[in-house]
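Student: As a plain string of letters, each chain reads:
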Amino acid sequence: MLWEVTIRPRGHDSELARITEEYALLSHSNERVLTGSGRGYLLEGQLTEDEAGRLCRDLLVDELVETYRLAPLGTTDAEAFATVLLKPGVMDPAALSVVDAARDLGLTLDAVRTFRRYYGPGTPNGLLRKALANDAIEQFVQGPLHLDHLAVGKPYEFKLLYVPLDGTDDDLMTISRRGQLSLSLEEMRTIRDHFRRVGRTPTDIELETIAQTWSEHCSHKTLKGIIDFNGTRHHNLLKETIFAATQQLRREMGADDWCVSVFEDNAGIVKFDDQFHACFKVETHNRPSAIEPYGGANTGLGGVIRDPLGTGLGAKPVCNTDVFCFAPLDMPVESLPAGVLHPRKIMKGVVSGVRDYGNRMGIPTVNGAVFFDERYVANPLVFCGTVGLIPVNCVVKAARPGDLIVAVGGRTGRDGIHGATFSSAELTDKSEKVSGGAVQIGNAIAEKKLLDVILQARDQGLYHAITDCGAGGFSSAVGEMGADLGAAVDLDRAPLKYEGLSYTEIWISESQERMILAVPPEKWDTLRELCASEDVEAVAIGTFEQTGRLKLRYRDHLVGDLDLHFLHDGRPAVVRQAEWTPPAFDSGEYRGVDTPRSPIVKIDANEALKRILAHPTVASKEWIVRQYDHEVQGGSAIKPLVGPHEGPGDAAVIAPVLGSWRGLAVGCGMWPRLGDLDPWAMAACAIDEAVRNVVAVGANPARVAILDNFCWGNTDRPEVLGSLVLAARACQEVALAYRTPFISGKDSLKNEYNAPGRRIVIPPTLLISAMGHVADVRQCVSMDWKEAGNALYLVGTTKNDMAGSFLHLISGTSGGTVPRPDLAVAPRIFASLHGAITAGLVRSCHDLSEGGLAVAAAEMAFAGGLGADLTATGATGLPDDVELFSESPSRFLVEVKPSHAPAFESAMAPLPVTKIGTVVAQSRLRIAGANGEWIVWASLEELRSAWRGGMRIEAK
Amino acid sequence: MTTPRVLILRAPGANCDAEAQFAFEQAGAIVQRLHINRLRENPDLIQRFQILTVPGGFTYGDDVAAGKVLANQLSCFLGDALRRFRDAEKLILGVCNGFQALLKAGLIVPPDEDGPVATLAHNASGMFQDRWVRLQVFPDNCPFLRGIESMLVPIAHGEGRFVCRTQWQLEGLLQTGRAVLRYVQNPNGSQGDIAGLCDVTGRVLGLMPHPERHVLPTHHPYWTREGLANEGDGLALFRNAIRYFH
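So the protein sequences, as listed, match chains A and B. Using my numbering, count along the first sequence one by one with no gaps and you end on 1501. Using my numbering, count along the second sequence one by one with no gaps and you end on 251.
FYI, nobody ran anything at the bench for these hints, they're computed from the structure. Treat the hints with care, since some could be wrong.
A few chain B residues that face chain A, going by a derived Cβ cut-off under 10 Å, partial list only [unchecked claim]:
hint, residue
1, Asp22
2, Ala25
3, Gln37
4, His40
5, Arg43
6, Thr64
7, Tyr65
8, Asp67
9, Val74
10, Val122
11, His215
12, Arg218
13, His224
14, Arg230
Using C-beta positions, here's what the derived DEER-type ranges look like [stated by the list, open to error]:
hint, chain 1, residue 1, chain 2, residue 2, range
15, B, Asp85, A, Pro1066, 41 to 49 Å
16, B, Gln52, A, Glu1486, 37 to 45 Å
17, A, Thr1071, B, Trp173, 30 to 38 Å
18, A, Pro1066, B, Ser155, 55 to 63 Å
19, B, Gln37, A, Lys704, 48 to 56 Å
20, B, Asp85, A, Glu608, 19 to 27 Å
21, B, Arg248, A, Asp1070, 30 to 38 Å
List of simulated lysine to aspartate or glutamate pairs, EDC-like, C-alpha gap at most 16 Å [what the hints assert, rightly or not]:
hint, chain 1, residue 1, chain 2, residue 2
22, A, Lys784, A, Glu809
23, A, Lys1442, B, Glu231
24, A, Lys675, A, Glu567
25, A, Lys1096, A, Glu1167
26, A, Lys704, A, Asp1101
27, A, Lys1331, B, Asp49
The model shown is predicted, which means the values in this text are computed figures rather than measured ones. Each residue gets a CB set at the ideal place from its N, CA and C atoms; glycine is no exception.
With the rest of the complex left out, here is chain B (with noise of 0.2 Å):
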């Protein structure tokens, strides 16, 4: 099996890619970081790869709202190729800015006729927080999350609230197991404390925290105290994106 290769989407105000890369590639892929605007002259340059990321940041400076600018260019230039990328059972990854973007783009949780299901809101401190946060982990049937229980990871965001229309759809996702992260101590006012959450397939995941802050053992917040592990508890999310193509 030759070593799968993985895209990370550069945008205006991108700027987690480089973390990003690095993740995957201590994970063992191979990784192009590529400006939006290259995939925008071709869409199928995507198709070359196995695993398209869009990391976090402030595209286009949040303005507007949290990602949306970008949601709507991949869904106004690039939805089909998406879509195809993901209906040829590859992986697609969007963390903190980049689960905004795929979620407000519909690819995570598609509209109905009344409009958006789901949305990314302001946290309900109303301020933006970087801190520290246990993920409880519902692997179900996402090649992300597959034996990963639990996780220490970062969260830095202003807009990371989940919000449903309507509580009855709010359930239907944490019943179809979609809801694969959810936070033990919700730090943002987040329906049903969803720190992330996947599309019906599994294989287009989301989440506000950061698992790309916790690759090395110097990343956790207590190393100093607890010792030195052999990795952080991020690693795994991208170690198992790999194998899933194994």
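This is chain A alone, in the form it adopts within the complex (with noise of 0.2 Å):
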């Protein structure tokens, strides 16, 4: 029998308020087209009209705010519009958890699956149905349903399938295309030759196997293989730049060595205390969340929280960050490029997809940030991070011979499928139709559910090695954990979510919440029960042993059968050609940093000021934060937001292990509105920002580790791996510098929109996320002004370099100096600072970046509710609106208590420290120019709400 639960809620209806605002972004019209929505379940099983109902008054309906309509399913619900559906096969968390709720009441049922109905007359445009559905995952029905049954999928009928390859490269090529491997020519070419060599034709499970290692996704294989540029080689340039860096640190800092692992696992991992060590890891999952934004984001963090939990013998997870890069949320529909959604629609979507994967795991979301620019229109970025405790002693993992390969966690489905090809390719106007099948939803529930018994499972030595499935699934799991023994894989074990899976699609199925594990065959019965005591599922899906092979089975048929030397070593380097054209530039004196300059815009400085406030990367992100659970886990000791009237903190700082007061502060820089004038000074603001912030609320500078995330646009274009490789050199001068070790790092490449007659390329945007200790977070301080009294005090130099400034951003000019950290400076000032900051010296401290000192005064201000008079020249002699708003790095606004400010001077001394003004309890913020009058003058009020009302989430 088949039910059909439709509840709508009393009161409020949310989902039609989103609705209606949604379908009026789309049509500019708010013509009301729907009354009303609901929510529902449909049931399989064998229920009584009886039972049915008492599982909705039992569990599914909630009758003091909600009421329901129960009938058998097909049934012609009055007035109902559409309703809409998941996808056969997508991920339905709350379905599953009703037939497990179910039973616990005494009633099984067969399948369950959700829907959501709309009531009203609608409209007969695209409009609304694109409103209420996305279609890479859902599906939209008008009228009554009409269906059978719930279940999914037919069984299999087995079917060895080969690929020959002795036709012409054009026919190679179309193998590629058509089976979506996103394989070379040449790559092509040299499979071809090693099956002519091994004298048999390759199966459909080798070739997919061969796509997966050697994808972009999973192998780097361009900032890994060999790039010209302008006349010079590199063979491996993260090799020759990121690694080296922190290779020549770790000889240099001898015994005093901080980094356990980096650049191995799957997290970076350095030292945090005695018991402890940290990892962090940070991921981008840019192109399943321009499909679809909100199970992209999902799985986005899903993904992350995996790598630390599959980092040495498994660290459990503390906190996460995230990062985002959408178009303007007031950007007209009209201009969108077809097949790409609304940036504000993208942003509610990533954020929801954040929250509920986070919040639901436990993991306190505690820093982030958001940029804005309309190149980011078709390709959204999604960095989402991780950080882990890991025990000392669990840092080394090695699969044994012998050891069984164990899956636990989630089932395997069709999910994800090509995900990691996927993401090495363009997007195109087609996307968002072809590309659905590797877009997924998340069940964090499962996940955290795996997270309990690992973290027990790991503490009772019950395993020898563990990774997580990510791009690539099983595939690249036990790939890449078999890499130097071999392993034999019978794939018909792997449990299923459904029947009708091949077995290659068993083999790279991107289902989440799964995890592979190496364990000794003697703990094998433990670790079962284990994870049957808290309902967690663990197959053995084959051993590890020493052949060099990689065998796959199904049903006792050798389907698979790999040189492991061959699939990890054997493909062919990547040559790519890398170029570098500076933006002409006109005054010849400051290498390559001076660009072409517009004719300069004057703006009011109090004007600009707000502007600057109300610039919504820069404006406030409090309906971000406030969706985040940030104190879960109890660690909490500088948040996201600070002071009384929650100014933008700087860092966020936990406490990770309770009961004692080490600290890790965690922050993040990125700069990318000098991607296309400086990629090196780009890279270096970056850098510089990140450890900046970190430093500004307590971290130690000598003990921060920071990681990159590269998202470039397409690098087979010679001038945009050129931009990158500057980059990438710049991280290795920066990091050696400040002596900033990476420990990890990621890229993403190709973030380009193609469709005829249109190309978008993302700015270049290099994310450096920052984890820095504190010895004791009782030394912290935060950026909101405290006491009326204090002396203010700018920290660092200002140099007139406003290209790509916010000045610049908000009045329309162009060009200028860019800005660049002194790297023999620079240090020095985060060394002094820190020092003043652990000797109580500092009552708030705030980094100067988007806007300057007058948005930095502003922010410490409304975030304190005091206010300040300030005189902007020192003895530079520069024009009033450079000393406001230039964005010179390696900067800080200081607080100091009049009784400290001797003490605080001779500690930065003989650095560039200027006393520039001082805290009053008068709610306005004052700014003297040169000639000693107020050029800003604003009362806390104005510029709180500037800022506050920046974001414009919101429809107008």
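Two chains, two separate frames, one set of hints: put the complex together.
Tutor: Now the structure itself:
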């Protein structure tokens, strides 16, 4: 019997409000085409009407706030306009929970599907449909539902498929393209030659395995390949720049080396205290988020959480970070490229996706940022990071011959097939339609259960190695873990979500919430019982063996047999050309950093300050921050919003071991505005910003580890790759100068949109994430001004380097000198400031970034509810607007009690420090210009309201 | 008097269990965390403890409604054991998701002949919210709150709007001293500004805010401004629970 339960809210209908707003955005019309919404369940099983009614009352419906309608499936629901269901096979966590919860009530359900229903006249145009459903994962049905059964899948008939590679080059490329393998001609030829030598035709699963392993996503072949750049050759760019810097720092630190495992495991590991090391990984999930923002971000965070969990023998996640890049939220619908979702829809979906996964996992999301630029319209960027703590004796892992290959966690379905190769391709106007298979929804509770049992199993020593199933699924996880050994896998043993998967689909499926363990046979029973005791599925799907081969079997048929040496080392080196032509500059003085200058547009300083505060990139992110639980786990010491009036903190601090005051500061830096002008400066400024953010709250600059995430356009084009080479070189130079080791990283290339007549390339975007040690969180400082009468010091040097500044952005000026950190002075500033903070000489501290001094002062003022009188002009003799709004790096605004002023000044000497004013009790900020007149005079209320309203989350 | 033993109930998706354990340990208790499957196998395990805590989190993903699946499990499998536990003069605490589960299991306000009397629904804002709130405390006969007048604690929930079936039932709860915790500034649209509620005995307390997140002085949102206190406001609640057995 099939039942249909429709549940409607009494009172406020928030889903109706959401859809009404979205429809208005798409249609520019306030026409009320819907009158209400409902949600519901389709129930399949031997249930009488009475039993179904009991299920509604006892489980599904909260009658104090909802009404419901129970009817046989397909009964006409009066006034219903349409029903939206997840497509069959898409993860539906609530449906799974209902099956289990019904069993608790003594009722057996065979299958459940959830749906949303909308009431009202509707409209015939496609815009409403677009507002109601996302075709990538959802079905849209008008009229009554017609379904015979809910269960998905049908029996699979085994047939071993071979892929002959004996045709022409064109044939090879057709095979690559049709199979979504993303393999180049040279790679296809190499595979063909390999199988010719072996003397047989490859099977489909062998070709897929090679494609997954050789994908840009899994092998980073561009940045680890050969790059010819303006006459010099990099044999492995990452190794020669970023890794090299870390290696040099480790050698120089000698016995003080605090790196533990870098660029080796799923996350980079550094020391934390005597018991634990800390690890950190940041990933991107850009393409899935472009197509299905909720699911893309959801599984992006779910995936990066499994990185620390799959690092060493498993780290406990202690906090998350998220950084997003979107197009402006008020972008007109008409200007969107074909097949692209509106940025507001993308942002809301992404924020909800991160929220629902992070909050459910019980991991605080403590730090992030959002950047807006029109060029992110088709390629939004979604960075998610996770910090974990790992016991000091759990760093080393290695599968041993004879170990069982155990799959733990979620079941395998058709989800995400070709995710790894998909993320290595460009988006087009068809992506929304053809790429749906690569998009998924996560099931956070499945991952939370997995986390709970893994940490127990780790502490009981039940396995030798662990890794997560990410891109490439089993194929990548087993292939990597067994790379030095060999493995034999029986694919038919993998538990499936539904029937019908081929052996190849099982092998490359990217279903979420799965980990692979190497389990010694004598521990297998204990592990299986532990998993069963908390309702987590664990199945042995094969064995690691010392054969040097990857053997894949399905129902006793050998379907794949690959030489691991060829699989991991057989890929032909990628050779790419790179070039960089700096924008022509007009001064000729300063190497490559001056750019063509447009006439400078003057804006009144008061007005400019408010406009910068209201720029969405600078404006309050409270709407996002409050939706994330940033305090779960009880370690919060400095929160994302600080002060009685909630200003933007520079970095968050957690004390992750309850009962210990030792902390971690987590921050980030990004400077995409400089990417087009000077990629070297862009990377250097991003590192400077990430480091100064964590130093500003109290992290020790000698113990800051950083991570890189490169998101670039299509690096097949030399000018795109050239800017990346310069950024990587900057990473090396600055990391060495600041003595901040890179410990992990990830790249996402080909962030371009190509449709006939239209190419949109993202600005070169390098995210630097920083994690710094705090010896005692009780020494931390926040950025809100504390007491009237305290002195305000500008630390660092302001220069006339306005290129890429927010003043230029809001005034429509371009060009000028590009800011670059002074690599000799910056680390000394960080060290001295840290000394002053730990000595208790600093009452508040804020870094100067977007909008420079004026914005920093305004934020500190309204966060603390106190004003100030400042004099912008020191001895430098710069124009007022430069003093106010220059974004020169390595600068801070610091509040010091008058009694501590001499000690602070001597702690900072001989570095550039200028006393520029005093905190006052009045709620207004005044800043004097060179001629002594107040050029800024604004109430805290007007500054704060400009800042709070700037994101423009709701449509006008 | 021996040190009271606290049972923290783990369930799939519970995620505030470690900090709840820390808070009780700071207050001087012996704490054990147990998975609900162990209690389902042997409901009498619970009787070895003096205090039961259902911690915050997203049990079973909050699928269907927050805490609802766990609530059904508490009623179906542990109902008798829980009532015996309460009637033996012991204490039960539900925080956030734990409050949602205890309330929906009928352990704080029992259902009447017309069904459930009260629930916790989606916030009026329609959104999950993490923010600090000031609570006014009406300790009356609730041992957890003895001597506490006010607390600054964070909330972090999407479904914390307290709703009663009728106005007279709401007034009944307010007048009989059951609404022991009330928001000074209502963050979620709760009727009667109710943040926390106890049962008729006073020994079963459920609250949406997280006292275990304000135990250390560095948890306070403005400690960098106001200086470090000796301890966080929330610790008193846990200490009271321990003292009740002394």
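Student: So which hints don't hold here, by number, going up?
Tutor: 3, 16, 17, 21, 25 and 27
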